[in-house]
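There are 2 protein chains.
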Amino acid sequence: MRSFLSERTKNTGRSSIREILKVSKKPGIISFAGGLPKPETFPFDDLAEAAHKQIGKNYRQSLQYGMTEGVPEFREEMIEWLSNFGWKIALDNIIATNSSQQALDLVSKAFLDPGDVIFCGLPTYAGAIQSFQLFQARSVGVPMEADGMDLNALETEIRQVKKSGQRAKFVYVIPDFQNPTGVTMSGRKRRKLIKIAKEYDLLIVEDTPYFGLRFEGKEERPINAYDDDGRVITMSSLSKVLSAGMRLAVVVGPEDLIEALVTVKQATDLCTSTTTQWIAAEWMSHHELSEHLTQTREHYRKNRTVMLESLEKYFPDDERISWTKPEGGLFIWVTLPEKVDTDDLFSEAVEGGVAFVPGSGFYVNGGGRDSLRLCYSVLQPDEIEKGIELLAEVVKRHLTAESRG
Amino acid sequence: MRSFLSERTKNTGRSSIREILKVSKKPGIISFAGGLPKPETFPFDDLAEAAHKQIGKNYRQSLQYGMTEGVPEFREEMIEWLSNFGWKIALDNIIATNSSQQALDLVSKAFLDPGDVIFCGLPTYAGAIQSFQLFQARSVGVPMEADGMDLNALETEIRQVKKSGQRAKFVYVIPDFQNPTGVTMSGRKRRKLIKIAKEYDLLIVEDTPYFGLRFEGKEERPINAYDDDGRVITMSSLSKVLSAGMRLAVVVGPEDLIEALVTVKQATDLCTSTTTQWIAAEWMSHHELSEHLTQTREHYRKNRTVMLESLEKYFPDDERISWTKPEGGLFIWVTLPEKVDTDDLFSEAVEGGVAFVPGSGFYVNGGGRDSLRLCYSVLQPDEIEKGIELLAEVVKRHLTAESRG
Numbered sequence: 054m055r056s057f058l059s060e061r062t063k064n065t066g067r068s069s070i071r072e073i074l075k076v077s078k079k080p081g082i083i084s085f086a087g088g089l090p091k092p093e094t095f096p097f098d099d100l101a102e103a104a105h106k107q108i109g110k111n112y113r114q115s116l117q118y119g120m121t122e123g124v125p126e127f128r129e130e131m132i133e134w135l136s137n138f139g140w141k142i143a144l145d146n147i148i149a150t151n152s153s154q155q156a157l158d159l160v161s162k163a164f165l166d167p168g169d170v171i172f173c174g175l176p177t178y179a180g181a182i183q184s185f186q187l188f189q190a191r192s193v194g195v196p197m198e199a200d201g202m203d204l205n206a207l208e209t210e211i212r213q214v215k216k217s218g219q220r221a222k223f224v225y226v227i228p229d230f231q232n233p234t235g236v237t238m239s240g241r242k243r244r245k246l247i248k249i250a251k252e253y254d255l256l257i258v259e260d261t262p263y264f265g266l267r268f269e270g271k272e273e274r275p276i277n278a279y280d281d282d283g284r285v286i287t288m289s290s291l292s293k294v295l296s297a298g299m300r301l302a303v304v305v306g307p308e309d310l311i312e313a314l315v316t317v318k319q320a321t322d323l324c325t326s327t328t329t330q331w332i333a334a335e336w337m338s339h340h341e342l343s344e345h346l347t348q349t350r351e352h353y354r355k356n357r358t359v360m361l362e363s364l365e366k367y368f369p370d371d372e373r374i375s376w377t378k379p380e381g382g383l384f385i386w387v388t389l390p391e392k393v394d395t396d397d398l399f400s401e402a403v404e405g406g407v408a409f410v411p412g413s414g415f416y417v418n419g420g421g422r423d424s425l426r427l428c429y430s431v432l433q434p435d436e437i438e439k440g441i442e443l444l445a446e447v448v449k450r451h452l453t454a455e456s457r458g
Numbered sequence: 054m055r056s057f058l059s060e061r062t063k064n065t066g067r068s069s070i071r072e073i074l075k076v077s078k079k080p081g082i083i084s085f086a087g088g089l090p091k092p093e094t095f096p097f098d099d100l101a102e103a104a105h106k107q108i109g110k111n112y113r114q115s116l117q118y119g120m121t122e123g124v125p126e127f128r129e130e131m132i133e134w135l136s137n138f139g140w141k142i143a144l145d146n147i148i149a150t151n152s153s154q155q156a157l158d159l160v161s162k163a164f165l166d167p168g169d170v171i172f173c174g175l176p177t178y179a180g181a182i183q184s185f186q187l188f189q190a191r192s193v194g195v196p197m198e199a200d201g202m203d204l205n206a207l208e209t210e211i212r213q214v215k216k217s218g219q220r221a222k223f224v225y226v227i228p229d230f231q232n233p234t235g236v237t238m239s240g241r242k243r244r245k246l247i248k249i250a251k252e253y254d255l256l257i258v259e260d261t262p263y264f265g266l267r268f269e270g271k272e273e274r275p276i277n278a279y280d281d282d283g284r285v286i287t288m289s290s291l292s293k294v295l296s297a298g299m300r301l302a303v304v305v306g307p308e309d310l311i312e313a314l315v316t317v318k319q320a321t322d323l324c325t326s327t328t329t330q331w332i333a334a335e336w337m338s339h340h341e342l343s344e345h346l347t348q349t350r351e352h353y354r355k356n357r358t359v360m361l362e363s364l365e366k367y368f369p370d371d372e373r374i375s376w377t378k379p380e381g382g383l384f385i386w387v388t389l390p391e392k393v394d395t396d397d398l399f400s401e402a403v404e405g406g407v408a409f410v411p412g413s414g415f416y417v418n419g420g421g422r423d424s425l426r427l428c429y430s431v432l433q434p435d436e437i438e439k440g441i442e443l444l445a446e447v448v449k450r451h452l453t454a455e456s457r458g
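Heads up: the sequence lines are chains Y and H, in that order. All residue numbers for the first sequence refer to the numbering used here, where the first residue is 54 and numbers rise by one. All residue numbers for the second sequence refer to the numbering used here, where the first residue is 54 and numbers rise by one.
Excised from the complex, chain Y in its bound form (with noise of 0.2 angstroms):
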């Protein structure tokens, strides 16, 4: 069989989180690993109906092929949506895709050949490397700080890639509330990168999947509304905020960039389901998006707040061991001394029931091995406080262990 495989399929493993996330299934145990969004937090009720009615009444639609494009009255119910963020969009600048992952996958495939270089965060979205792996391209880590990507390295990255002549095509980042890190970049960096990009003649791919999560502090403006050269895409997703199921995205660009999406999505599934596309514009043509996310930022904000504190209760006080306060989103990213393996940690922490995502799975360069990613969104506040206390326990026995062996 393996004789008929690509290249490119050889060279892809099956993501390793896919498999803790197997094990963190287990009854009894506690997971922080999974990164899904509570269901109880999307509109059920009123999707079932905007359902019943769109496939009971528009059936010559929303049954029915669409654009590749997308629909225009969900593409432009996103573009109001977005408006929220401070950007004026127009329709020829906006596709619909199947979820942001597909969106990656589109924008590798129009824009990445074999032993090209994009850049991206140390530690970044695991699902991006990826798809980066996929088409076969050289991902370059940039080490990530507390108010997002350090452009100076990112500069000395660009710098040292260029003189050995390979061609470098983009820079990935995930501006709030990055996962896994939880980190936002700051106004200043984002203007910032926009700057590098037009110096090194780079894209830039920001993918914001957790938009309208953002529970403390002050909004930041997406990257792509300080784009005046046309070289900002962005990846925006409902799957946190309406439903994952629908798998419903938009990327946002420059006309040309978005042309060559669609002529690559024609190949790859003609169009995005006009069925949930006609769903989500139907609720959203009924509904604030942002009003509904009231409660769903609160719902984040307290368990974010538990986690916090349970951290800062259990844990032992080590200098050597520190964690994100993220603003919004679902995670918080946790850093331990170096000498923890976090893999070898992860049996142990699953034995004591409670389950985490190693850090070298977001990592392109082998590294991270001392970190690891907590989610905290689907877990009721008790649990987390359980899940925390039982994982401080793991790592302290695991250091105690260390220090003697």
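One or more hints might be untrue.
Given that identical chains are not distinguished, each listed pair holds provided it fits within a single copy or across any two copies.
Straight line, CA to CA, 25 angstroms or less: simulated BS3-like cross-link-like pairs of lysine-lysine [unchecked claim]:
1. K78 with K251
2. K248 with K439
3. K215 with K63
4. K78 with K110
5. K439 with K78
6. K110 with K91
7. K378 with K449
8. K248 with K271
9. K378 with K355
10. K251 with K63
11. K355 with K245
12. K439 with K63
13. K91 with K271
14. K216 with K245
15. K378 with K91
16. K355 with K439
17. K141 with K251
18. K216 with K248
In case anyone wonders, no lab produced these hints; they're calculated from the structure. Just so you know, these numbers come straight off a predicted model, no measurement behind them.
Mind docking chain H on chain Y? Use the hints.
Quick look at chain H alone, frame taken from chain Y:
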């Protein structure tokens, strides 16, 4: 901008058929150009109920992320439906995809390196050509006969490719009521194709979008049902029978090949919409798709017959003009005298108030210019007769002008 594009994208044009479809939509034109199913044949009222129930009550699954393999309940229903075609399938042999077009994308992605060779009909489905092209494969065309692909010609082509040292990967076929010709492959040829695949160590990619749309003649078993060597991958879509807008299909094949598709699908879009999978599973658990299709088949049969009768009645009595007589599906294929170029004829036809798809778009070798595809799915019988009358006039005028010129 162009400097950012990947080689594969520079290589891939927009579908010329899409451009033709735009022109065909001008008001007042009777269009045989599209290949759309008739939305009135979809069970929209019952689907609306199913959607209401699944989204309202089962939102924890229907609005949440799902397995990359697809929702098991949906796959079980598809297995039951496909068992009608004399075929036993286990759950590990089936993956849900966003329509067959995505299945083509996944197959190309998993199996094709640049320069790899695939074999396909002359003519064949244009969307498949686009997909293979996007992955920089070389598509070798094999003439179609009245009972399917010319397998002697196929063997000659395979030998030539092998001799030249190129890597051949698979044969792509649409065995039932092929798009665009309407031709069905005989049982004898299905069995023979398996033998050829074994002999030359190739896979077979079987595309069956018109399963369930046979309105005449004896049902043929899928090629996959004859496979005793793990070489056949079959795509089966719901787009023509339950809803095109839900974008649902499955791929059935040997476990190791399905595994490869799961791996690439993970990086491609994580999973197919759980929302539409649950809606389809709900509907299918309460209804027999084959029973529902009784009316659909009757509708298509009637339209096909009207089109054949009209061709007989209005087209010039010229032995150089012929057309196929499909026993199912949506298309009739017309061959005109060799000197006619249907790309030119198209503009004359549109002026004359009727549209079709010129044959060249379905040929990987630049041929087919004397042929055209007619779709009879969505029109009323009187429109079909009128349209064929108009087309016949255009053809006659064209032939007269040519013989004078």
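Right, here's what the structure says about each hint:
1. Taking the shortest Cα distances, K78 and K251 never come within 25 angstroms of each other, neither inside one copy (46 angstroms) nor across copies (42 angstroms).
2. With identical chains, the CA atoms of K248 and K439 are never at most 25 angstroms apart, being 46 angstroms at best within one copy and 61 angstroms at best between copies.
3. When the C-alpha separation of K215 and K63 is checked against a cutoff of 25 angstroms, the pair qualifies only between copies, where the shortest distance is 23 angstroms, while the shortest distance within a copy is 28 angstroms.
4. Taking the shortest alpha-carbon separations for K78 and K110, only the inter-copy value of 23 angstroms comes in at or below 25 angstroms, while the best intra-copy value is 40 angstroms.
5. For a Cα distance limit of 25 angstroms, the shortest separation of K439 from K78 inside one copy, 17 angstroms, qualifies, whereas the shortest one across copies, 62 angstroms, does not.
6. Proximity of K110 to K91 under the C-alpha cut-off of 25 angstroms is restricted to the inter-copy arrangement: shortest distance 15 angstroms between copies versus 30 angstroms within a copy.
7. Taking identical chains as interchangeable, the C-alpha atoms of K378 and K449 lie at most 25 angstroms apart only when both belong to the same chain, with a minimum of 22 angstroms there against 76 angstroms between chains.
8. Taking identical chains as interchangeable, the C-alpha atoms of K248 and K271 lie at most 25 angstroms apart only when both belong to the same chain, with a minimum of 23 angstroms there against 67 angstroms between chains.
9. Taking the shortest alpha-carbon separations for K378 and K355, only the intra-copy value of 13 angstroms comes in at or below 25 angstroms, while the best inter-copy value is 66 angstroms.
10. Proximity of K251 and K63 under a CA criterion of 25 angstroms is satisfied inter-copy only: 23 angstroms between copies versus 35 angstroms inside one chain copy.
11. Proximity of K355 to K245 under the C-alpha cut-off of 25 angstroms is found in neither arrangement, the shortest distances being 33 angstroms within a copy and 65 angstroms between copies.
12. For the homomeric pair K439 and K63, neither the shortest alpha-carbon distance inside one copy (41 angstroms) nor that between copies (55 angstroms) is at most 25 angstroms.
13. For the homomeric pair K91 and K271, the shortest alpha-carbon distance inside one copy (24 angstroms) is at most 25 angstroms, but the shortest distance between copies (50 angstroms) is not.
14. Only within a single protomer do K216 and K245 lie at most 25 angstroms apart by alpha-carbon distance; the minimum there is 22 angstroms, versus 56 angstroms between protomers.
15. For the identical chains of this complex, K378 and K91 are intra-copy neighbours only, at 20 angstroms inside a copy versus 54 angstroms across copies, given an alpha-carbon limit of 25 angstroms.
16. In this homomeric assembly, K355 and K439 come within 25 angstroms of each other (Cα to Cα) only inside a single copy, at 15 angstroms, whereas the closest approach across copies is 67 angstroms.
17. Only within a single protomer do K141 and K251 lie at most 25 angstroms apart by alpha-carbon distance; the minimum there is 21 angstroms, versus 57 angstroms between protomers.
18. Proximity of K216 to K248 under the C-alpha cut-off of 25 angstroms is restricted to the intra-copy arrangement: shortest distance 19 angstroms within a copy versus 54 angstroms between copies.
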